[in-house]
Amino acid sequence: MTEDDFIDAFFDELTHRGYDPLLARLSTVGRFEACDRGRTDQWIVTVRDGRASMTPQERNIGWVLRADRSVFNQLIRGEVSALESLMRGAISITLIDESQRFSLLTRLFAGAPAMRGRPGPLVEDDHARRSGPRPGHMSGQPSERSA
Amino acid sequence: MTQAVSPVTILDGSVFVVSDSAGDIAASPTEPVGLFGYDTRFLSTWVLRVNGQKLHALSVDDVQYFEARFFLVPDDQAVYVDSTLSLVRHRSMRHGFDEQLIVLNHGDEPAQLIFRIEAGSDFADIFEVKDALGKTGTRYVRVEDDRLIFGYQRETFHRATTVTADVPAEYDSRGLTFIARVDAHGEWSARLSVAAAIYLPTRGNALPRWRKGHEALERDLDALLNKAPTLKCDWQPLRDIYHRSIVDLAALRFAPEVAKKRAMPAAGLPWFMATFGRDSIFTSLQALPFDAELAQTTLQVLADWQGFRVEDRREEEPGRIPHEVRYGESTAFQDRPHGPYYGTADATPLFVVLLDEYERWTGDAGLVCTLEYEARAALDWIDRYGDLTGTGYISYRRRNEAQGLENQCWKDSWDSISYRDGRLPGFPRATCELQGYAYDAKMRAARLAREFWHDPGYADRLEREAAELRERFERDFWIADRQYYALALDGDGGQVDALSSNIGHLLWSGIVSEERAQRIVDHLMGPKLFSGWGIRTLSTDESRYNPIGYHVGTVWPYDNSIIAWGLRRYRYKTEAALVAAQILDAAQFFNNRLPEAFAGYQRSLTRFPVQYPTACSPQAWSAGAPLLFLRTMLGLDVSGDNLIVSPALPAGIKHLELLDIAGRWGKADAFAERRDNQADAEALRPSPATPPTGRSAGSGRG
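Residue numbers (my numbering), protein chains in the order written: chain A, 1 to 147; chain B, 1 to 702.
A hint or two may mislead.
Not everything, but these chain B residues come out facing chain A in the computed CB check (under 10 angstroms) [claimed, not checked]: (1) PHE157; (2) TRP305; (3) PRO318; (4) ARG360; (5) THR362.
Keep in mind that the hints were calculated from the coordinates and are not lab data.
Backbone N, C-alpha and C fix where the C-beta goes; we use that ideal spot for every residue, glycine too.
Only chain A is shown next, with the shape it has when bound in the complex:
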């Protein structure tokens, strides 16, 4: 199925945003995994001092958030909240570092500051790609993890 795919634009914005006070209480490293038709793309994101960055490899992963690519897109389009998705079983979160809190991690889905003042997608519409799944943007490697 072809649909607007915001995922790359979302991670691109998140990791190039610079300082965001909303993220200042997050000190974390985690892996996002987007699954689609047997393929898994992954993004390892580090948040320190209010800045998010992409990391190709990270040993000390604190959590893994995994969902179908379509669910990620629903989240990024602002159609569903992270808590709703979690309680529905549509996303899974594995907390390796038990001190991490899901409620704070949902701030990673706040989107670009300029987009927060009105309903809708977390990133600009024109950044969406009309496409199916794409290779992992930063890691470029499908995850070896399986469901």
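Based on these hints, arrange chain B on the given structure of chain A.
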């Protein structure tokens, strides 16, 4: 038969079991009975039979909130005292609940008994029970050699209940059967377990692994009771009410996922066992001198869920503190907007108020610094999103027309905000107490900005804005010919002129000018608002007044506790003590447990407080009310690093001590002694002068 019908409830935070007095559960789709957890009913049928007979309850011991013992005999023996067989069901909370069955054979012959438990689950969402809605997904039953599993799936949503026993049993799709052989004068026992599970992909059961058994819960409760200040008082009911409040708050403590093992208060059983912004904040304020951890956790949890973007369905906005967080099916599938729902206009300023009060009391500057961003975001929300009309007032108009709350203040029923003639005002509505909360939030935040955030410019600005708000408020809300503040401003800025208890909250917030305070007190203590059992939500003169209307005439203990605190703020000690005395007096009629609300009938008419029909009980901010009344009567406050005590006791209480009050001073004691001053006693005497029949002896008042 003579089966008692009063429900028995045991709970551990947001997981609870409601059964009949024999321990059986036979839920209809609309009754809140069964095993509930995280907004889902995990067990709707649990009926025990012995040799085909139901059991009759002789008595129930549910002294501890997390366990109950049902003392039973087979039903046909109910009329005989000399039953040769008795049973005890000892039920206690764990991952769902455990049930120890104990059979006592008093006869001279061995007994062989066939036990049958009918079990089943409808997996109803709590909102489906409340509103009698049907299911969309698929239920399944799996029978294994040693267990029975009920499950429910809807797409990726998966909940399950597992029933096991520690004795050989035969399981089938509708329950389990097992046999007991009990020697003459012997005893036999078996343990059944009902475990609830929320399945998430790759994570398995998401329900906390640390869920405790009753032994650990008992230790926790003992620790909590030992930690709470010791109360000494010559009026025995107050000691009982105090104990009940501490235990109920312990029972309602739950640890939402975000707080890990720390606890915050859920709002109330059975419908509101969830994170509620407003209720959790008020309860934390009430309980501060007794258990400051509730405030700490509430602040952290609400900060974590603070809104960060505009979203219409859930009414989220940057900086907005949530109204309600739910975990059930209707939330997961967006039939309800509670994941989380942000439709509240007061929780956001109250969050700032609690943060300041918490620091004043505990001296925990660390949390004030950690949550600086969230506090500033909340203050920004007041001006940017809370002010819908651009007039400098917080107002509300729901953005989710289908599911949002019409009234987003504490009186959130549809008809709570009205003109004197009964008309309902247009939106946005700016209720008066919201402006008080905003004023207080700005004044308190100015202190935080100056002392902890090192931003004197911001502090100056907040104080200037607060002063302007106060001036504006006095001009726009004061009804000159009636001499009180309007309940609200309507969508056109016109005054909604009903006389309500909301004006009492204004005293607590400090927005009322000194010159007008006496007028407000006169109204609060006058016959139209004051029932003799407390202050009504709405004056008897108003068109919509109804003594059994949810927010239009009932008396709310929580409301009264905040008003009494406000009376103290303006130095009306005597009046504050009277309000406290009336509500505490009422508590005796509810087994020392104040309900959410009771009827607003005049005391001389009913002679006892009439409970509101569907009130939640226990309810957190009702359990917190006696604690705040204690603070009010003792006049506890903070000055610098010291605890201030300035007591004013009502007639009937001569001696009151609260020992080991924890705060920034370490621990301190408060003592109050009442002089037998006749004039004073008259002023405090509750009406009517003669005590109503049926009240406990020894109240010492009236």
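For this session: Could you work out which earlier hints the structure fails to respect and list their numbers in ascending sequence?
Result: 4 and 5
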